[in-house]
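Asker: Make a model of the complete structure from these sequences and hints.
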Amino acid sequence: MANTHATSNGPNAQGASGAGFAERVRDAIDRQELSLVFQPQADVVTNRLTGFEALSRWRLSDGTMLPPDVFVPMAEQGEAIHLLGEWTLRTACRVAAGWLRAGYPDIPVSVNLSARQLDDPGLVLKVLAILAETGLPAANLKLELTETSMFSQGADAREALLQLRGAGIRLVLDDFGTGWSSLATLRRVPVEALKIDKQFVQAMVEDRDAAAIVQAVVALAHALDLGVVAEGVETPEQRLYLQAYRCDVLQGYWLSRPLSADGVSEFLAERSVIGTLRPMGSGSAAGPQTSG
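Under the UniProt record's numbering, the sequence shown is numbered contiguously, ending at residue 292.
Think of the hints as simulated: they come from the structure by calculation, not from any bench. Each hint should be verified, as a subset may be incorrect.
Here are the simulated distance ranges between beta carbons [stated by the list, open to error]:
id	residue 1	residue 2	range
1	183	27	43 to 51 Å
2	103	187	37 to 45 Å
3	126	45	20 to 28 Å
4	35	148	25 to 33 Å
5	35	100	48 to 56 Å
6	240	156	18 to 26 Å
7	246	26	39 to 47 Å
8	156	35	29 to 37 Å
9	208	167	20 to 28 Å
10	209	137	40 to 48 Å
Please read these numbers as outputs of a predicted model, since none were measured by experiment. C-beta atoms are modelled at their ideal positions from N, C-alpha and C, and glycine is treated no differently.
Answerer: Structure representation (structure tokens):
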């Protein structure tokens, strides 16, 4: 892994927060150090492509790659998360609108939304303005929120979610099982799917408790008429377990590494959207890799 410590041009985890870090994020956007990669999602049974998740990357001018689990939490400490979140959403929508123009109308893009963004009273107007600016239909955008961010918010945030869903934007509850979900609250939030955290998916073949959790989440979701996405799928055995449990969608290195925007175009050109996707591991003796 590339060095993630501070450089003369990059953030310092010991003190780069608040206004100073927001300025560094703004500079990174101007210098085009930030980029997005897109990881495919596919139907568990048919391997049919169902969408892509947009994931942010930050490569400093000296070549150092900062992983999102370093710079996103730093951004969330101050106003930088609003700059980063707006840039990510706008860029992802612009790329997804290109898929639409290229003749792939049914490929949504998923973008992560933080708790700090959900607190923004102007969130709904910003999201709708970006959709209008990029020409992406609302139905082609999915916003992913963690359990903690969704259930720790007040009435204003829940109203914002209802307005986003009413506009046609689709909502997914991310990292399900790692937070503190209230089942009563889950009935009232306008999500269309639950996303099972990869720690359970990657452990379920060897760990009975993890397998039971995955089964229970799938059963709960389906009882509430929600879809289920399993992330971090790395082996054919994991995919078989998910198929047996009637999970709907999978995502992970077993299917594909995250792709650049150009890589997505090549990916789509090589595969029929109405056909099946050939997993990375098919015909290969390579062992599982760690998803990220």
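Asker: With reference to the structure, classify each hint as holding or not holding.
Answerer: To see whether the hints hold, each was checked on the structure:
Separated by about 44 Å at the C-beta atoms, residue 183 and residue 27 satisfy the suggested range of 43 to 51 Å. Look at residue 103 against residue 187: about 39 Å separates their beta carbons, and that is inside 37 to 45 Å. The supplied range of 20 to 28 Å is broken by residue 126 and residue 45, whose beta-carbon atoms lie about 37 Å from each other. Residue 35 and residue 148 have their C-beta atoms about 27 Å apart, which keeps the hinted 25 to 33 Å range intact.
Taking the beta carbon of each, residue 35 and residue 100 are about 21 Å apart, not inside 48 to 56 Å as hinted. Between residue 240 and residue 156 the beta carbon distance is about 44 Å. The supplied range of 18 to 26 Å is therefore violated. Between residue 246 and residue 26 the C-beta distance comes to about 46 Å, which sits within the given range of 39 to 47 Å. At roughly 33 Å, the beta carbons of residue 156 and residue 35 sit within the given window of 29 to 37 Å.
Separation of residue 208 from residue 167 is about 42 Å and departs from the stated range, judged on CB atoms against 20 to 28 Å. The given range of 40 to 48 Å is respected by residue 209 and residue 137, whose C-beta atoms sit roughly 41 Å from each other.
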